[in-house]
Amino acid sequence: MRSFDYVRARTPEEAVEAFAARPGARYLAGGTNLVDLMKLGVERPTALIDVSRLPLDRLEKLPDGGLRVGATVRNSDLAAHPLVRDRYPVLSQALLAGASGQLRNVATTGGNLLQRTRCGYFQDPGKPCNKREPGSGCGALKGVHRDHAVLGHSPHCVATHPSDMAVALTALDARVELYGPEGARTVDLTDFHRLPENHPERDTELRPGELITGVLLPAALAGAPSAYRKARDRASYAFALASAAVVLRVADGMVTQVGLAFGGLAHRPWRARVAEAAVLGEAATPAVFAGAVDLELAAARPLPDNAYKVPLARNLALDVLTRLAPAPASL
Amino acid sequence: MGSEIQRSETTLRVNGKPHTLLLDHRRVLLDVLREDLGLTGAKKGCDHGQCGACTVLADGRRVNSCLLLAVALDGSEITTIEGLSADGEGPHPLQRAFLDRDAFQCGYCTPGQICSAVGALAEAAAGHPSQVTDPAAPAGRPVALDRTEIRERLSGNLCRCGAYPRIVEAVEDVIP
Ligand SMILES: Cc1cc2nc3c(=O)[nH]c(=O)nc-3n(C[C@H](O)[C@H](O)[C@H](O)COP(=O)(O)OP(=O)(O)OC[C@H]3O[C@@H](n4cnc5c(N)ncnc54)[C@H](O)[C@@H]3O)c2cc1C
Ligand code: SF4
Ligand code: FES
Ligand code: FES
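As they're listed, the protein sequences go chains A and X.
Here the working numbering is used: the first residue of the first sequence is 1, the next is one more, and so on.
Here the working numbering is used: the first residue of the second sequence is 1, the next is one more, and so on.
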């Protein structure tokens, strides 16, 4: 690991300034991903701007009934917060399905959104990887890619985004608050993470030096039934092979509101817009759900060794959708 | 700058005692505990957050000390397995329970298991749910720990000897 400068920022302004003044800097939050990648030689920052003590560690109710989650709220505190458990249960469940108690105590909202892929080629500087070293090739495409993408990938990169939290936030229509050298802006989370196309080195639409300051949860989905289900190689402490986050409101047997997102399938949390459109306004029945999810997954292009993900994701989504739909009134 | 090593003065309170050290920014808490402070209870298993052998408490919360840069912890209160019980007292109830249940074979994972269990019990008492807690359980109330809960909450601690059944029993023994 090469030596680096260390600066503890007290305000977002100070953080952005310190970052801009140090070419090759990185923001440090919990460090559970960044420090790991520094040990592996994947990240080689010249300076760390520590944002973990910024006063962004609070949850606030918004006047419109939504919720603002600060960027440095720890994953464990977010999952345990009564407002999150009561109004956005899918978010609490997704967080608790990720990592371990020790890691969640340290990991932050901002860092979780920006964690890098777990692709083994990306994590090994001795291997080709377009994401780590543009132009070096994609080792996974013809190599080990059992954990990789089935949707939205390109010949340049077939990696998946590893976050569980981000999948729940996508189904919840969350927005990300950013602050950078050019000021503050807000981006829909669905548009925040990118598909790889021919620039897999760019995970997100974050601009250089921009800081995540918070995440906004909409009032419209507060209290809507929601849930998360994740499949993995062991019962706990493993990344998703596939996962589904669902928000579903049903009135008189008809779907009035729906959010569906998949994890483990793509370079970003996969917002299932096609499936959502196919169930909205329709009867909340298993047949309608199955038709909609199949329509979404018809776009899947599995790699030689990961076709199993398509039926896995289908079954996860159908299970959660069916569980959230109220039992049909008896005839 | 170039190859110059960058350091900062950092103060950590470890097991109640303050230590002010001039630390290379690259050093993680685990290495400082083991190499500078002679506290070799916390173990290095994977060095990547994947095994839990390095678990200690930072400001009362369980953490993986292998992924925490020590410089970023300036001012923090660290408790290691060596500091779980105050001087002159006997072992911590969890240490006693691990002995009584023979909850280890080689013992390499044990300090991490015990620190993790201390943290997990505090989290449950503070109302933190886990993946296996009923989502309908009231938020903010203490969570009762059955075996399924203990297994899930300690899943961040691997035991290569497979002493899991007795680890779970030892933790069950100290549940209030
Ligand atoms: C063994 C292991 C298992 C895991 N299992 C799972 C799992 O099952 N599911 C899951 O979802 N995750 C899992 N994780 C990943 C974990 O959730 C992430 O490492 C964590 O959320 C990252 O948060 P952090 O605060 O530690 O980020 P850091 O490591 O500090 O930062 C990550 C990145 O974000 C940048 N950054 C951080 N904060 C900001 C900000 N506010 N603004 C701009 N940039 C910022 C950093 O520069 C860095 O590039 C696992 C990790 C490990 C080590
Ligand atoms: S899948 Fe993406 S991250 Fe993995 S080797 Fe290919 S380019 Fe790199
Ligand atoms: S040594 Fe820290 S988790 Fe394995
Ligand atoms: S007792 Fe040997 S690793 Fe757990």
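There's no promise every hint is true.
These stretches of chain X come out as covered by chain A in the derived footprint (C-beta under 8 Å, 3 or more residues) [as the list claims (entries may be wrong)]:
hint: 1; segment: 30-40
hint: 2; segment: 43-56
hint: 3; segment: 84-98
hint: 4; segment: 123-130
Honestly, the hints are just simulated from the structure, not real lab data.
Just so you know, these numbers come straight off a predicted model, no measurement behind them.
Quick reminder that beta carbons are idealized off the backbone N, C-alpha and C, glycines included.
Are there three or more residues in the segment 43-56 of chain X whose C-beta lies within less than 8 Å of some C-beta in chain A? holds (count 5)
Three-residue Cβ test at 8 Å for the coverage of the segment 30-40 of chain X by chain A: violated (count 0)
Count the residues of the segment 84-98 of chain X whose CB lies closer than 8 Å to any CB of chain A, then report whether that count reaches three. violated (count 0)
8 Å C-beta criterion, at least three residues: is the segment 123-130 of chain X covered by chain A: Contact hint for the segment 123-130 of chain X vs chain A: holds, 6 residues under 8 Å.
The earlier numbered hints that this structure contradicts are 1, 3.
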